[in-house]
Amino acid sequence: MAEQHGTTDHGTTKDVRQRRGFEELLAEGAAVPTEGWDFSWFEGRATEARPSWGYARSAAARLAAATAALDLQTGGGEVLDFALGAAAPKAPALTVATEGWPPNVAKATALLRPRGVAVVASPQDAPLPFADAAFDLVVSRHPVDPNWPEIARVLEPGGTYFAQHVGPRSVFELVEYFLGPLPPETSADRHPDRERAAAEAAGLEVVDLRAERLRMEFHDIAAVVHFLRKVVWMVPGFTVEAYQPRLRALHEQIESEGPFVAHSTRHLFDARKSKP
Numbered sequence: 017m018a019e020q021h022g023t024t025d026h027g028t029t030k031d032v033r034q035r036r037g038f039e040e041l042l043a044e045g046a047a048v049p050t051e052g053w054d055f056s057w058f059e060g061r062a063t064e065a066r067p068s069w070g071y072a073r074s075a076a077a078r079l080a081a082a083t084a085a086l087d088l089q090t091g092g093g094e095v096l097d098f099a100l101g102a103a104a105p106k107a108p109a110l111t112v113a114t115e116g117w118p119p120n121v122a123k124a125t126a127l128l129r130p131r132g133v134a135v136v137a138s139p140q141d142a143p144l145p146f147a148d149a150a151f152d153l154v155v156s157r158h159p160v161d162p163n164w165p166e167i168a169r170v171l172e173p174g175g176t177y178f179a180q181h182v183g184p185r186s187v188f189e190l191v192e193y194f195l196g197p198l199p200p201e202t203s204a205d206r207h208p209d210r211e212r213a214a215a216e217a218a219g220l221e222v223v224d225l226r227a228e229r230l231r232m233e234f235h236d237i238a239a240v241v242h243f244l245r246k247v248v249w250m251v252p253g254f255t256v257e258a259y260q261p262r263l264r265a266l267h268e269q270i271e272s273e274g275p276f277v278a279h280s281t282r283h284l285f286d287a288r289k290s291k292p
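Quick note: to get this note's numbering, add 16 to the position in the sequence shown (first position is 1).
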């Protein structure tokens with residue numbers, strides 16, 4: 017530690033400067049819009065390693081071979097928009113997306129309508145508003161809670177479900193920083209083995225299932241605030257006001273020790289509906 021010099025006034029000035037920086041970062045993280053699944057704002061502020069399978073490009077290859085496709089819980093439509101662009105000109109003749117959060121419905125509609133995609137407002141826990149065997153491909157990136165019977169119902173025999181899921185205890189280093197230690201079984205329903213069993217019980221054959229644990233780094237407190245506002249199920253009821261003491265402590269930790277490190281968990285599902 018460097019030797020401290022100067023008067024009390026000098027120290028106070030330094031404290032004020034640090035405090036202003038913290039408050040400005042809080043305000044910045046709290047002001048960023050949370051609609052959609054565009055994470056470009058985090059550039060230079062937070063990083064997350066990507067799964068080796070490259071979901072969006074892999075989904076594009078599946079879309080290029082499909083005739084009728086459904087994207088579940090599309091968010092702001094960003095991933096589907098990229099995948100359809102990569103799949104062009106062989107994109108499906110029919111592509112539909114669902115989304116349950118009204119701001120995302122509006123954003124996805126504006127983004128996907130030029131590609132001829134209909135965005136249907138549908139709560140994630142409601143039955144899918146489509147006929148039986150309507151699609152030969154169902155895709156999804158980070159569904160909240162896959163409704164396996166409904167997925168199987170809207171797939172035609174031989175159709176495919178191709179998706180990237182969030183695994184158990186994802187980013188729990190950050191979650192437990194704010195909530196304290198959680199029971200080991202927390203989010204166990206997201207374990208790939210449990211999801212495999214649920215998919216098979218619904219009549220799907222799991223062709224491929226891969227899981228990875230990926231490093232994340234948060235480089236400033238604004239990134240933490242925006243992440244927790246955007247991914248609302250991580251710390252339920254999160255607000256800057258309610259967690260300001262913990263946010264300040266984390267800000268000081270990042271300033272003195274470097275990025276806050278956490279780990280996300282992801283798994284890739286490739287499942288097929290059995291033919292009669």
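It should be emphasised that the hints constitute simulated quantities derived from the structure, not laboratory data. Because the structure is a prediction, the values reported are computed rather than measured. Be a bit skeptical, because a hint or two may be false.
Just the calculated beta-carbon pair ranges, DEER-fashion [unchecked claim]:
hint, residue 1, residue 2, range
1, 37, 173, 54 to 64 Å
2, 60, 148, 46 to 56 Å
3, 205, 50, 45 to 55 Å
4, 221, 134, 24 to 34 Å
5, 160, 198, 17 to 27 Å
6, 70, 160, 19 to 29 Å
7, 165, 134, 49 to 59 Å
Each residue gets a CB set at the ideal place from its N, CA and C atoms; glycine is no exception.
Results of checking the hints against the structure:
no., hint, result
1, 37 to 173: 54 to 64 Å, "holds, 59 Å"
2, 60 to 148: 46 to 56 Å, "holds, 47 Å"
3, 205 to 50: 45 to 55 Å, "violated, 25 Å"
4, 221 to 134: 24 to 34 Å, "holds, 29 Å"
5, 160 to 198: 17 to 27 Å, "holds, 18 Å"
6, 70 to 160: 19 to 29 Å, "holds, 23 Å"
7, 165 to 134: 49 to 59 Å, "violated, 23 Å"
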